[in-house]
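Sequences are here, hints too, so could you generate the full structure?
Chains as they are written, first to last, in this note's numbering: chain H, 31 to 269; chain Z, 0 to 338; chain A, 4 to 289.
Please keep in mind that the hints were generated in silico from the structure rather than gathered at the bench.
Each hint should be verified, as a subset may be incorrect.
[As the list claims (entries may be wrong)] Calculated Cβ distances over 12 Å to all of chain Z for the following chain A residues:
(1) S54
(2) H62
(3) Q121
(4) K122
(5) A131
(6) S132
(7) P134
(8) D137
(9) I140
(10) G156
(11) G157
(12) Q159
(13) F160
(14) D176
(15) Q178
(16) R213
[Unchecked claim] Capping the alpha-carbon separation at 30 Å, the derived lysine-lysine pairs in DSS-like fashion look like this:
(17) Z:K157 - Z:K240
(18) A:K287 - Z:K208
(19) A:K287 - Z:K218
(20) H:K113 - A:K164
(21) Z:K192 - Z:K208
The C-beta atom is built at its ideal place from N, Cα and C for all residues, glycine as well.
Below are the chains, spelled out letter by letter.
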Amino acid sequence: MPNNSSEPILKVSGLNSHYGDFQALYDLDMSVEEGEALAIIGANGAGKSTLMRSVCGLISNDAAQVQYRGQNIGHLRADQVAKLGIALVPEGRQLFPSLSVEENLLIGGQIGREGVWSLQRVFELFPILEERRNVPSTALSGGQQQMVAIGRALMSNPDLLLMDEISLGLASVIIKTIYDALPGIIDEGMSVVIVEQDITKALSVSSRVYCLQEGRVSLEGQSSTVSRDEISRAYFGVE
Amino acid sequence: MADTTYQIKRYNNASHMIALLGVVVLVILVSAPYWAGRADMRLMAELFLYLALASLWNLMAGYAGLVSVGQQAFVGIGGYMLFALTLFAGLHPLVAIGVSGILGALISLPVALLVFRLQGAYFAIGTWVIAEVFRLSFAQISALGGGSGSSLPVGIVKSLASSRSGREALSYWLALGAALAVIAVVYFFLRSKRGLALTAIRDNETAAKSLGIDIWWNKFTVYVTTSALTAVIGSIIFLQKLRISPDAAFSVNDWTAFVIFIVVIGGIGTIEGPIIGTLIFFALRETLADLGTIYLLVLGLVAIVVMLKAPQGVWGFVRSRFNLQIFPLDRRVEQSKDD
Amino acid sequence: MDWINAIIQGTLLGGLYALFAAGLSLIFGVMRLVNIAHGDLIVLGAYLGLSTTLVLGVHPLTALLIVVPLMAAIGYVLQRGILNQTLGTDILPPLLVTFGLSVIIQNSLLEVYTADPQKMDAGVLETASLPLGDLSIGVLPLLTFVIAIVVIGGLQFIFYKTALGRAFRAVSDNQDIAQLMGLNRRHIYGLAMALALAVTAIAAILLGIRTSFDPSIGGGRLIFGFEAVIIGGLGNLWGTLVGGVILGVAQTIGANINPGWQLLSGHIVFLIIVAIRPNGLFPKVN
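What follows is the structure in structure tokens.
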């Protein structure tokens with residue numbers, strides 16, 4: 031596999047995505063560098079989830095609008111994209127209700143990509159899941175469900191991991207547990223995109239940040255150097 | 000813009016033209032006994048009866064979302080009621096046709112209560128079970144010939160009209176009248192407030208519910224109405240055939256498969272669709288009839304291809320290309336300049 | 004004694020109905036598809052079995068080795084070629100397309116095999132019986148019942164204990180998210196239909212040994228299978244066995260009262276259950 035370090039792992043160019051009849055993204059450009067943790071922030075309806083769904087193939091686009099390691103993937107189905115090494119932790123967790131905790135994790139791993147992540151590694155990351163491995167996924171608390179959703183995505187040993195609103199609807203103590211686990215994931219060398227409404231959390235784990243507003247990029251910068259002012263302008267569109 | 004007004008119209012110039020054409024066609028059809036041969040009249044009568052069945056099924060499945068594969072139950076009930084009422088109650092056949100409609104409605108009440116408990120596709124097969132129950136039950140009634148069926152006695156046939164040509168003309172007009180009546184009922188039903196509710200349910204059931212439309216009641220009304228009218232058509236069908244048996248009366252192929260193909264090919268959910276579909280069905284049948292079962296294969300194939308590739312059917316295609324309606328249901332907003 | 008005999012015969016007959024029902028139940032569980040051509044596919048399987056026994060001169064049960072994979076292949080191709088295109092929120096396309104398929108299969112069989120009733124010759128298996136007190140139990144019905152238990156147990160195992168079953172359940176739960184896991188739902192649906200028709204093939208051979216068949220009997224088999232599914236409870240595989248047995252017993256008891264009432268009493272028991280419990284006796288609620 032060619033590993034040109036100057037080439038981004040993911041490149042989105044001129045993306046116009048629709049959500050039903052409604053255009054959610056306008057001519058959007060974005061790139062993710064190999065090995066980086068990127069944050070995407072923005073208000074509700076800014077187009078963050080549509081962007082994630084477009085990247086992982088749940089929304090079909092023109093082939094060249096999404097490129098993964100130089101390959102056009104905008105037209106591929108989600109299962110084809112998944113096999114290339116892109117995994118999504120979907121907004122709202124979306125576990126399979128008729129599968130147990132362990133089965134939810136196993137089904138994430140059935141693509142059969144080689145890598146460091148295994149059932150055992152996921153259980154080490156979130157020990158509570160090993161305890162509850164045989165219960166139906168619906169019996170878990172929201173935070174535990176989020177752990178399963180992250181574990182399920184990791185099980186496919188992706189090179190690019192997309193996480194959509196993983197703190198949504200969770201208690202702050204749970205959010206802390208989950209965010210504490212992120213550096214361990216990022217350090218394994220995979221590229222990570224974190225979509226968040228919680229700006230502080232997003233900036234704390236990322237090196238670079240994009241802000242979306244009404245389907246367009248309103249700000250791009252280093253997470254450590256962007257100012258609060260810049261963000262609130264980009265976020266809310268107030269000048 | 001000040002001199003521009005908008006009007007809501009159901010009719011446009013084309014629909015006036017079509018209405019005029021319709022009157023001409025109607026006159027020609029009504030006068031058929033004076034110009035058409037016996038075989039042609041019989042074929043046309045059969046066509047009209049299929050048109051009526053198709054329009055009724057279309058109202059049920061295409062508008063009310065009740066996909067029944069068991070309407071042969073009511074065709075058969077209508078047929079058997081005609082026989083029972085004329086044979087045992089001594090009613091005149093024309094009266095018996097009307098009464099069989101009433102009985103069809105009465106029977107459809109408990110049937111609806113039962114099959115409405117099943118959802119979607121299960122509703123469909125549930126209606127088929129009901130039809131089977133009626134088929135098996137009528138086969139048990141020995142007074143009506145049991146499993147082998149019975150024929151209408153000559154005396155009853157002659158009570159329609161003394162001459163053969165008179166009977167054939169009457170029977171033709173019955174079929175034509177039934178088809179026209181059914182199309183009129185469907186048209187005015189859909190134009191009524193209830194029809195509007197039905198369209199709302201079809202387009203978005205949840206939204207319709209939130210507008211306070213009683214979905215169950217609307218569907219129930221449609222089911223009972225179409226079942227009653229299907230029974231009427233059934234009794235006319237078997238007045239033409241003069242012979243009835245459980246297998247013929249409750250045939251899923253004759254009274255449901257063909258009807259479904261007609262509606263699907265013509266265009267489900269439009270009044271015009273069943274008309275186009277019936278014409279195509281009879282054209283196919285008359286040209287391919289020599290091929291035996293091949294013709295049914297072709298029919299099934301055409302229906303599948305239409306369903307997959309052009310689910311709006313032939314009429315849907317025509318309508319989207321030419322913005323045409325024979326039976327104006329849509330209201331269109333038109334711009335006109337004030338002088 | 005007649006009554007006990009009727010109940011035993013009905014129970015064993017229920018095994019056959021459960022086999023009709025298992026395939027229906029499986030595809031409904033995975034893709035919410037009700038296949039109106041199911042009965043005609045059973046009849047198709049019986050004719051394929053007949054041709055296999057005639058051409059190769061083998062026993063009908065040996066013919067399973069050919070008919071089962073053949074029907075599975077037909078199922079996969081059918082699903083990927085046609086039925087996948089009908090799936091969605093609208094129930095009309097799958098209903099009408101499978102209805103069209105039903106007519107096509109029925110008339111193709113008429114064209115190839117004519118309307119004459121056919122039967123498969125299974126030799127002594129057809130008449131062999133085991134004495135049980137004053138009663139005698141046919142070996143074939145008993146074998147059918149045992150096969151039904153094994154098949155449903157097998158389906159249950161596949162559904163709940165294997166990666167394939169996990170994929171079935173995942174796709175059934177949430178198509179989009181399953182797709183994210185690298186599961187191509189079109190392929191998974193194809194596999195589900197292949198499995199359903201493999202089971203159908205077994206039912207078809209047992210039907211063809213037990214009674215004569217002709218191209219027109221598909222609708223009736225569909226209805227029996229459907230009734231067993233509903234009686235047993237939607238989504239419950241073991242329920243189809245219970246449903247099949249209840250239906251079978253209702254029919255043999257009805258026939259015992261009056262031969263003309265066999266089918267009627269089965270339908271009536273079904274309608275009574277719909278009236279009381281429209282979701283069946285043991286529905287599996289997801």
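Taking the hints in turn, this is what the structure says about them:
1. S54: It holds; A:S54 is separated from chain Z by about 19 Å at its closest Cβ, greater than 12 Å.
2. H62: holds, 31 Å
3. Q121: About 17 Å separates A:Q121 from the closest Cβ of chain Z, which puts it past 12 Å; holds.
4. K122: Holds, since 22 Å exceeds 12 Å.
5. A131: holds, 32 Å
6. S132: Check passes; 30 Å lies beyond 12 Å.
7. P134: Nearest chain Z Cβ is 35 Å from A:P134, so the label holds.
8. D137: holds, 32 Å
9. I140: At roughly 28 Å from the nearest Cβ of chain Z, A:I140 sits farther out than 12 Å, so the non-interface label holds.
10. G156: holds, 26 Å
11. G157: holds, 26 Å
12. Q159: The claim holds: A:Q159 sits with its nearest Cβ about 22 Å from chain Z, beyond 12 Å.
13. F160: holds, 27 Å
14. D176: holds, 19 Å
15. Q178: Consistent with the label, A:Q178 stays out of reach of chain Z, its closest Cβ about 18 Å off (over 12 Å).
16. R213: holds, 21 Å
17. Z:K157 - Z:K240: holds, 14 Å
18. A:K287 - Z:K208: holds, 28 Å
19. A:K287 - Z:K218: holds, 28 Å
20. H:K113 - A:K164: Status holds; Cα separation ~24 Å.
21. Z:K192 - Z:K208: Distance ~15 Å between Z:K192 and Z:K208 Cα, so the pair holds.
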